[in-house]
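Chains as they are written, first to last, in my numbering: chain Z, 1 to 306; chain G, 1 to 183.
For the record, the hints were derived by calculation from the structure and aren't laboratory data. Everything numeric in this text was worked out from a predicted model, so none of it was measured. Just to be clear, a hint being listed does not mean it is correct.
[Claimed, not checked] The list that follows gives simulated cross-link-like pairs (lysine-lysine, DSBU-like), each with its CA atoms no further than 35 Å apart: (1) Z/K140 with Z/K118; (2) Z/K233 with G/K68; (3) Z/K147 with Z/K233; (4) Z/K119 with Z/K269; (5) Z/K119 with G/K103; (6) Z/K140 with Z/K233; (7) Z/K233 with Z/K86; (8) G/K68 with Z/K147; (9) Z/K119 with Z/K140; (10) Z/K269 with Z/K118; (11) Z/K86 with G/K68; (12) Z/K86 with Z/K147; (13) Z/K118 with G/K103; (14) Z/K86 with Z/K140.
[To be verified] Okay, the calculated beta carbon distance ranges per label pair: (15) G/S120 with Z/G141: 28 to 34 Å; (16) G/E155 with Z/P91: 51 to 57 Å; (17) G/A167 with Z/I72: 41 to 47 Å; (18) G/T40 with Z/L265: 27 to 33 Å; (19) Z/G247 with G/P160: 54 to 60 Å; (20) G/V70 with Z/N270: 55 to 61 Å; (21) G/V82 with Z/I142: 28 to 34 Å; (22) G/M122 with Z/P91: 36 to 42 Å; (23) Z/P154 with G/P163: 54 to 60 Å.
Glycine included, each C-beta is placed from N, C-alpha and C at the ideal position.
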Amino acid sequence: MSLRAVTAAASAAATRGNGDHHADDHGGVMTPTLYHQFEDVEQQNESYLVGMWTFLVTEIMFFGALFMAYSIYRTAYPATFLDAHKFLSIPLGTVNTLALLTSSFTMVMAVNANQHKKKWSLINWLGVTILLSCVFLGIKGIEYTTKIHEGLYPGSFNYARANTMYLEHHDGKAGHEAKGIYPYFPSVQELATGYSLNRITPEDPRAVGVEQTPAGPFTSYQGAPSDVEYWSKRAQLFFSIYFAMTGLHAVHIIIGILMMGTLILLALKNHPYITQDYMPTEMIGLYWHFVDIVWIFLFPLMYLIS
Amino acid sequence: MNNTMAVTFGTARNPGGDGHGGGSGHGKRPHDGTFIQHPTVGLYGITYLALLVLLGVTVGLYYIDLSKFVPWHGINLLIAMVVAVVKALFVIRNFMNVQGSTKLVWLWAALGFIWLVLMSGMFLDYRTRTNPLGWQPERPNMIQTGPRGVEPHVEYQPAPAQPGSPATAPVPPAAAGEASPAH
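With the hints as constraints, model all of the structure from the sequences given.
Here's what the structure looks like:
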């Protein structure tokens, strides 16, 4: 039986006022509870979708405002954004994007499994989706740790020091010439002492505004030429926007993981939300696809500035 | 109990009174946006592969500088955004099943993105601003400067009084015994 036939039969059965609840038929007809304000199941499903899309429109507004802020500052300071984006690791970002695209696919397969009343298929697909999003969060954690090690977070921002550390980690090369070293994870010694292994001293011709005090997480900028100070402030804009957008996105991913975990629990308990109607799963799927779309736009705008 | 009238007299979605649904409506449901249709697994797979290909295009675009072929440095960004929009359209159309949904759902989805266009249009005002956005501009020839270039900041001085203007008009002598407003 094709899915169209299944839904049509469900709609017909519901409008008949079918009293028998064969909710646990495997491969049978799903008979969702038809609430009295709806004419038929089709209209009920449509109202569910419109409600979920209303929420997604508010989320579009939420992220749209941040994207707008990004666009305004990117057109204002294009050279700064081009320079600052080198701290973001493109291989890690690509793996993150792959993970989210695949999780979108596995989510839609989970919804499909629910539509065909395959309980264990649903649980497996949801589990894979959660796994992929945990991979995403793990890689984000690595990226954030690297940023904090470089001192590029709001509150301790020191762009010249971060640039110096970048050169130290990349043997004095920058941009497209620096290959094969990013992503790096700072060693325990580096994390503990704050000193990097190939320290650039102020006499070194590659030194970029190196301050005399030792690098540490709470060192403030002192004695800089004024242009470097403004340069640091402009770069701080890029990283503030980066943390705001990716942080907000990561919060949405965590919420999505909780929602999918809830769906798995409901499925394990044969709750009517899963067995009688596929729409709850479809709505969580809509949310997850939206989160994926936000990342699809975030990745080229943040990581792939050229 | 529910919807017996709908079943008897028929609604827009259930024309005709027969309660059996006419053979499950196999292939007889109109494709006019009043019913929700669901894609097949094959469509999901093809969409996923297309998304992967487009991701490869996006990352490859970063390493290929298209401004060698087109005399505009923003061409890379434009094509990257077009590719991102196409990816989003694939996800929205196939994974979120907007194509198989009713027209109302399609309208709701479109409205969200129309709002984004409206907001961008509202902020085009920033392109006309000549003052730097808080900190010093990067280059003197950026769009932030006005047509006369970077204008030096000069403290405001009122124009010198011209003869014949009210500023230099003779002040009439105060009438004797007239109380002035200050007292």
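Now for the hints, and whether the structure bears them out:
1. Z/K140 with Z/K118: Distance ~33 Å between Z/K140 and Z/K118 Cα, so the pair holds.
2. Z/K233 with G/K68: Holds, at roughly 32 Å.
3. Z/K147 with Z/K233: holds (16 Å)
4. Z/K119 with Z/K269: At roughly 10 Å apart (the allowed maximum being 35 Å), Z/K269 and Z/K119 satisfy the hint.
5. Z/K119 with G/K103: At roughly 31 Å apart (the allowed maximum being 35 Å), G/K103 and Z/K119 satisfy the hint.
6. Z/K140 with Z/K233: Measuring from Cα to Cα gives roughly 24 Å; hence the hint holds.
7. Z/K233 with Z/K86: At roughly 17 Å apart (the allowed maximum being 35 Å), Z/K86 and Z/K233 satisfy the hint.
8. G/K68 with Z/K147: Status holds; Cα separation ~34 Å.
9. Z/K119 with Z/K140: holds (32 Å)
10. Z/K269 with Z/K118: holds (14 Å)
11. Z/K86 with G/K68: Holds, at roughly 22 Å.
12. Z/K86 with Z/K147: holds (12 Å)
13. Z/K118 with G/K103: Status holds; Cα separation ~29 Å.
14. Z/K86 with Z/K140: holds (16 Å)
15. G/S120 with Z/G141: 28 to 34 Å: holds (33 Å)
16. G/E155 with Z/P91: 51 to 57 Å: holds (53 Å)
17. G/A167 with Z/I72: 41 to 47 Å: With a Cβ separation near 43 Å, G/A167 and Z/I72 satisfy 41 to 47 Å, so the hint holds.
18. G/T40 with Z/L265: 27 to 33 Å: Holds, since G/T40 and Z/L265 (Cβ atoms, about 29 Å apart) stay within the stated range.
19. Z/G247 with G/P160: 54 to 60 Å: holds (56 Å)
20. G/V70 with Z/N270: 55 to 61 Å: holds (59 Å)
21. G/V82 with Z/I142: 28 to 34 Å: Given range 28 to 34 Å: holds, Cβ gap about 31 Å.
22. G/M122 with Z/P91: 36 to 42 Å: holds (37 Å)
23. Z/P154 with G/P163: 54 to 60 Å: Between Z/P154 and G/P163, where Cβ atoms are some 59 Å apart, the hint holds.
Comparing the model with each numbered hint stated earlier shows that all of them hold.
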